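One letter stands for each residue in the lines below.
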Amino acid sequence: MAASIELRGVEKEYRRDEFVVPVLSGLDLTVAEGEYLALMGPSGSGKTTLLNLVAGLDVATRGQVLVHGQDLGRLSESEITRWRANNVGFIFQTYNLIPVLTAAENVELPLLLTSLSRKRRKENVATALRVVGLQGRESHYPRQLSGGQEQRVAIARAIVTDPYLLVADEPTGDLDRNTADEILELLEQLNREFQKTIVMVTHDPLAARRAGRVLHLDKGRLVDDVINESSVSAAS
Amino acid sequence: MIPFKYNVRNLRVRWKTTLMTVLGTALLVASSCILFGLVEGLEHSLKVSGDPLDLIVLRKGATAETTGGFESKKADELLTLNGIARDGDGPLAAKELLNIPAAERVSGTYNNLIVRGVEPASRKLRPDFKIVAGRDFESGKGECIVSRFVAKNYKGGQVGGQLAFGEKEKYRVVGIFTAGGSSAESEVWADLKDVERNTGRDGSVSCVQIRAAGPEEFAKLRKEIEDGAQFRLAAKPEAEYFATQSDVSTFFKAAGTLIAILLTFGAMFAAANTMFSAVKSRTREIGTMRALGFSRGDVLISFLGESLLLSLLGGALGLLATLPMSFLSIETMNGNTFASVNIDFRFGFWVMAVALTMTLVMGLFGGMLPALRAVRLEVIAALREL
Amino acid sequence: MKYLTYILRNARRNPVRTGLTVASIAISMFLMMILTSFFAAMTEAQSASKDFNRIIVMNANGFAGQVPIARVRQVEAMDGVVAATPFSWYGGKYQNQRVLFAQFAVDADKVFDTLDEYKLPPDQLAAFKAEKSGAVIGPKLAREYNLKVGDPMPLQGDIYPVDLKLNIRGIYESPRNTDQRMVLFHFDYLDDQLRQLGSSSGGSTTQPSSAAGNAGIIFVKCKDAASTATLCKKIDDEYRSTDFPTRTQTEEAFGQMFSEMMGGLKDIVYWIGCAVVVSLLFVSGNAMAMAMRERTTEVAVLKAIGYDKKLVLGIVLAEAVLVAGLGGAVGALGSKALFDVVDISPFTGGFLPFFYVPWSVALTGLGVSLFLGFASGVVPAVIAANSSVINGLRKVV
Numbered sequence: 001m002a003a004s005i006e007l008r009g010v011e012k013e014y015r016r017d018e019f020v021v022p023v024l025s026g027l028d029l030t031v032a033e034g035e036y037l038a039l040m041g042p043s044g045s046g047k048t049t050l051l052n053l054v055a056g057l058d059v060a061t062r063g064q065v066l067v068h069g070q071d072l073g074r075l076s077e078s079e080i081t082r083w084r085a086n087n088v089g090f091i092f093q094t095y096n097l098i099p100v101l102t103a104a105e106n107v108e109l110p111l112l113l114t115s116l117s118r119k120r121r122k123e124n125v126a127t128a129l130r131v132v133g134l135q136g137r138e139s140h141y142p143r144q145l146s147g148g149q150e151q152r153v154a155i156a157r158a159i160v161t162d163p164y165l166l167v168a169d170e171p172t173g174d175l176d177r178n179t180a181d182e183i184l185e186l187l188e189q190l191n192r193e194f195q196k197t198i199v200m201v202t203h204d205p206l207a208a209r210r211a212g213r214v215l216h217l218d219k220g221r222l223v224d225d226v227i228n229e230s231s232v233s234a235a236s
Numbered sequence: 001m002i003p004f005k006y007n008v009r010n011l012r013v014r015w016k017t018t019l020m021t022v023l024g025t026a027l028l029v030a031s032s033c034i035l036f037g038l039v040e041g042l043e044h045s046l047k048v049s050g051d052p053l054d055l056i057v058l059r060k061g062a063t064a065e066t067t068g069g070f071e072s073k074k075a076d077e078l079l080t081l082n083g084i085a086r087d088g089d090g091p092l093a094a095k096e097l098l099n100i101p102a103a104e105r106v107s108g109t110y111n112n113l114i115v116r117g118v119e120p121a122s123r124k125l126r127p128d129f130k131i132v133a134g135r136d137f138e139s140g141k142g143e144c145i146v147s148r149f150v151a152k153n154y155k156g157g158q159v160g161g162q163l164a165f166g167e168k169e170k171y172r173v174v175g176i177f178t179a180g181g182s183s184a185e186s187e188v189w190a191d192l193k194d195v196e197r198n199t200g201r202d203g204s205v206s207c208v209q210i211r212a213a214g215p216e217e218f219a220k221l222r223k224e225i226e227d228g229a230q231f232r233l234a235a236k237p238e239a240e241y242f243a244t245q246s247d248v249s250t251f252f253k254a255a256g257t258l259i260a261i262l263l264t265f266g267a268m269f270a271a272a273n274t275m276f277s278a279v280k281s282r283t284r285e286i287g288t289m290r291a292l293g294f295s296r297g298d299v300l301i302s303f304l305g306e307s308l309l310l311s312l313l314g315g316a317l318g319l320l321a322t323l324p325m326s327f328l329s330i331e332t333m334n335g336n337t338f339a340s341v342n343i344d345f346r347f348g349f350w351v352m353a354v355a356l357t358m359t360l361v362m363g364l365f366g367g368m369l370p371a372l373r374a375v376r377l378e379v380i381a382a383l384r385e386l
Numbered sequence: 001m002k003y004l005t006y007i008l009r010n011a012r013r014n015p016v017r018t019g020l021t022v023a024s025i026a027i028s029m030f031l032m033m034i035l036t037s038f039f040a041a042m043t044e045a046q047s048a049s050k051d052f053n054r055i056i057v058m059n060a061n062g063f064a065g066q067v068p069i070a071r072v073r074q075v076e077a078m079d080g081v082v083a084a085t086p087f088s089w090y091g092g093k094y095q096n097q098r099v100l101f102a103q104f105a106v107d108a109d110k111v112f113d114t115l116d117e118y119k120l121p122p123d124q125l126a127a128f129k130a131e132k133s134g135a136v137i138g139p140k141l142a143r144e145y146n147l148k149v150g151d152p153m154p155l156q157g158d159i160y161p162v163d164l165k166l167n168i169r170g171i172y173e174s175p176r177n178t179d180q181r182m183v184l185f186h187f188d189y190l191d192d193q194l195r196q197l198g199s200s201s202g203g204s205t206t207q208p209s210s211a212a213g214n215a216g217i218i219f220v221k222c223k224d225a226a227s228t229a230t231l232c233k234k235i236d237d238e239y240r241s242t243d244f245p246t247r248t249q250t251e252e253a254f255g256q257m258f259s260e261m262m263g264g265l266k267d268i269v270y271w272i273g274c275a276v277v278v279s280l281l282f283v284s285g286n287a288m289a290m291a292m293r294e295r296t297t298e299v300a301v302l303k304a305i306g307y308d309k310k311l312v313l314g315i316v317l318a319e320a321v322l323v324a325g326l327g328g329a330v331g332a333l334g335s336k337a338l339f340d341v342v343d344i345s346p347f348t349g350g351f352l353p354f355f356y357v358p359w360s361v362a363l364t365g366l367g368v369s370l371f372l373g374f375a376s377g378v379v380p381a382v383i384a385a386n387s388s389v390i391n392g393l394r395k396v397v
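Protein chains in written order, with the working numbering: chain A, 1 to 236; chain B, 1 to 386; chain C, 1 to 397.
Looking at chain A on its own, in the form it has when it is part of the complex (with noise of 0.2 angstroms):
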């Protein structure tokens, strides 16, 4: 299967006045296309970062990230802006929703960075809140939605560009146990139907065991990658 994410002796140390605190180091990673991957870790395990940096929101200090081909430390400041919102989708743990926009309007966001007419805007997004399960909430504001709810409106707007790559940071964090279950399986569908490549960072063992491969991290080292047989990955 064609690479999708490689990391070639990845190494990232971020400085504190003198003192150089270094958060991965020498990381080797292959990602398949259409690859469910969940990251666990203890706190400080540097999980975060590797998906920053698999993001295109930082940027390693030695060795390569590469997405779908594009080396990404080759890139100017607004390259990797652009190329961020051409190809990836975000999905934050407080859903990070704009309080004072609609649910349309928050999915609306990422393609005003288009040139794509309002007549073409209108269309992805009612398809992407259909997708989510949230036709007839256009109008709603954040404050008017469940957690639930909210966080399927993050979910429609990471994915109404149509990227290639969904980035996770703990999206059950903050859900109950019955809404984390619903947002797993749509998170799911996304993956099996539409081939997303999924990376999720999680604190939580029932959504990593619904991702194809769980790598473990500890102090910034890869220190365990498991392929979950039960999975139901796009990539098996």
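Errors might be hidden in some of the hints.
In silico DMTMM-like links for lysine to aspartate or glutamate, alpha-carbon gap of 25 angstroms or less [said to hold, decoys possible]:
1) C/K309 <-> A/D218
2) C/K2 <-> A/D17
3) B/K253 <-> C/E260
4) B/K280 <-> C/E294
5) B/K60 <-> C/D79
6) B/K155 <-> C/E260
7) B/K141 <-> C/D243
8) C/K93 <-> B/E226
9) C/K2 <-> A/E77
10) B/K74 <-> C/E294
11) C/K266 <-> B/E226
12) B/K16 <-> A/D17
Worth flagging that the hints you see were computed from the coordinates, not collected in a lab.
Because the structure is a prediction, the values reported are computed rather than measured.
Fit chains B and C to the known structure of chain A by using the hints.
For chains B and C alone, coordinates are given in the frame of chain A:
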């Protein structure tokens, strides 16, 4: 009582916001203070000009010495009245003749100056008359003395220069005088006879200035001049006279008050904005304090106190900023006489009153609503706030 | 602009804050409008008078000097002159109170030919001309004191030792930027009384300005613009070496002379204006900074989705400009509307015959507020644009 330290620390922690608010409100306070400083300067000069024993004699029905003239003969007779204070040089009374010619400022624009033809006694009838540069003029020589501000602002006004008004009127400037900050400091003084000759008005005077020997004589003189068949003139106590000349002062006060009120509102909104933001960002803290046992009243007072402190900083800074303004003096036009009047900025009662009032209003009214909002927060909701 | 929805909604996010910011700016703008209009309205009136090709003759030494009445005829006979009238300031009291409106002794036959933008119905004009004690008053005056044609208008002397018993024969109409509170009466009426007084007291004149035969100033209507300049020179040359030398200038220059005399006042007003603008910079800058500080996560999310620096900068700046612009609009345009509807001249004690906010001032005010929005929004916008995405997304525990 929530310790005040808490408020002080908070202002310090959010120092950028505090600084911006303080600077913004200080500018508004300073602007108002400057205006009122000018008002105070004007009032001061008018007040100082009026000696309680002085009378200014004008034609009956006239309201200003610039237009209230009468015959010179009558004026001469006035000088011989009983009850006028005397000193070694004679009666403390003087005939004076005013002329208001157009003069050119150094900047090239024009204004009208008051040229006052005086007699020797005129000097004693002004508070603290002093020659501060050059010398006094000598009678009949076409000389004159000027105030500091005329010397600075008008062409030919410096010592050694010449003030020329039209073809006929020329005076050589030989000295600079001060007169205790009174209205005389907006004028040019020349010899009475010179002015009479130059303007062709040797038959009349603009006014006669008299100092009575004492309060009794004051009343008697006044009666005689006003009611006596010989005179039938208006004898106004100087203090009263100057009070009625305060048109410009009234206008300034009105304008200044309007401006200060508007600026206070502006400052109030600015302070309120800052305080609202403070309350919003400290919602959880407020909830915590209430949970710990501080009452609603404690919270209210605490935030009002912080608002007042913030305003105080702005007000104090604004007030301090006006201190260097003591050098400020502006020259403008008196709406009555259409002549030049000089106003010196004076840091005094009005200035401080304005600054204090603005500060209190800003702090109390600006801070009231935010403080009330802080108080109305329900404890549990506040603690849950992210 | 597709981002407009977001920008507008952001402004509405915290209505109290936006409201207070708009109010601060509006009030300060309102003040600026008043202060600036004070001088600008005068300037506008002055330049408007250019069209009428009028010049004004006064004594070279100032208002205290005389202009002998005989000169009016002499000037009128000059080449290029259409009409001339004396304008002698009477400065009397009305109802025994100090003068609150202008009173002028004029040539009734010539005054409305000279001041042609002042209109009077023909019958009223005829009545005015016919009666020596007749007077014509301005419409604002008529409204204030409830006067109609036919009412008496007694004036008590202040500068002059004579009283006048006038009868209102007409109420004139004139454009908005002229003095609509004047009283115009016959020069001869005043002069005759002064002469009688002079002969009965058998003495010389007391003050030159209260002597009989003083035209005060002469308003002259010239044929065209070219003749104004030549006539000014000609008149001054003619009378230069007499006892009463003249200074003749265009009506516009005459008006400017008055505002020049205000001198230092203008400077103070200018400085206060500057101080207020700078203060607003701090106020709105602070408001914007506070708003942005609360939106760090949101900005990070936008950047994560792919909104680049320039776009984020633009969005924040647009919000600042919008809010400030709204404040400016309320203050500037609101004040214009207010003073167009409300007439404050009666309350100014004659100081201001008219007061309004010219368009040039209102639009400048609006422009200044937009600039303010820009200047105050720049720093928060740049900070937001350059903020770290990762730090913004870091979960606040």
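Each hint tested on the structure:
| no. | hint | result |
| --- | --- | --- |
| 1 | C/K309 <-> A/D218 | violated (34 angstroms) |
| 2 | C/K2 <-> A/D17 | violated (42 angstroms) |
| 3 | B/K253 <-> C/E260 | holds (22 angstroms) |
| 4 | B/K280 <-> C/E294 | holds (10 angstroms) |
| 5 | B/K60 <-> C/D79 | violated (45 angstroms) |
| 6 | B/K155 <-> C/E260 | holds (16 angstroms) |
| 7 | B/K141 <-> C/D243 | holds (22 angstroms) |
| 8 | C/K93 <-> B/E226 | holds (21 angstroms) |
| 9 | C/K2 <-> A/E77 | holds (24 angstroms) |
| 10 | B/K74 <-> C/E294 | violated (82 angstroms) |
| 11 | C/K266 <-> B/E226 | violated (42 angstroms) |
| 12 | B/K16 <-> A/D17 | holds (24 angstroms) |
The structure fails to meet hints 1, 2, 5, 10 and 11 from the earlier list, while all remaining hints are met.
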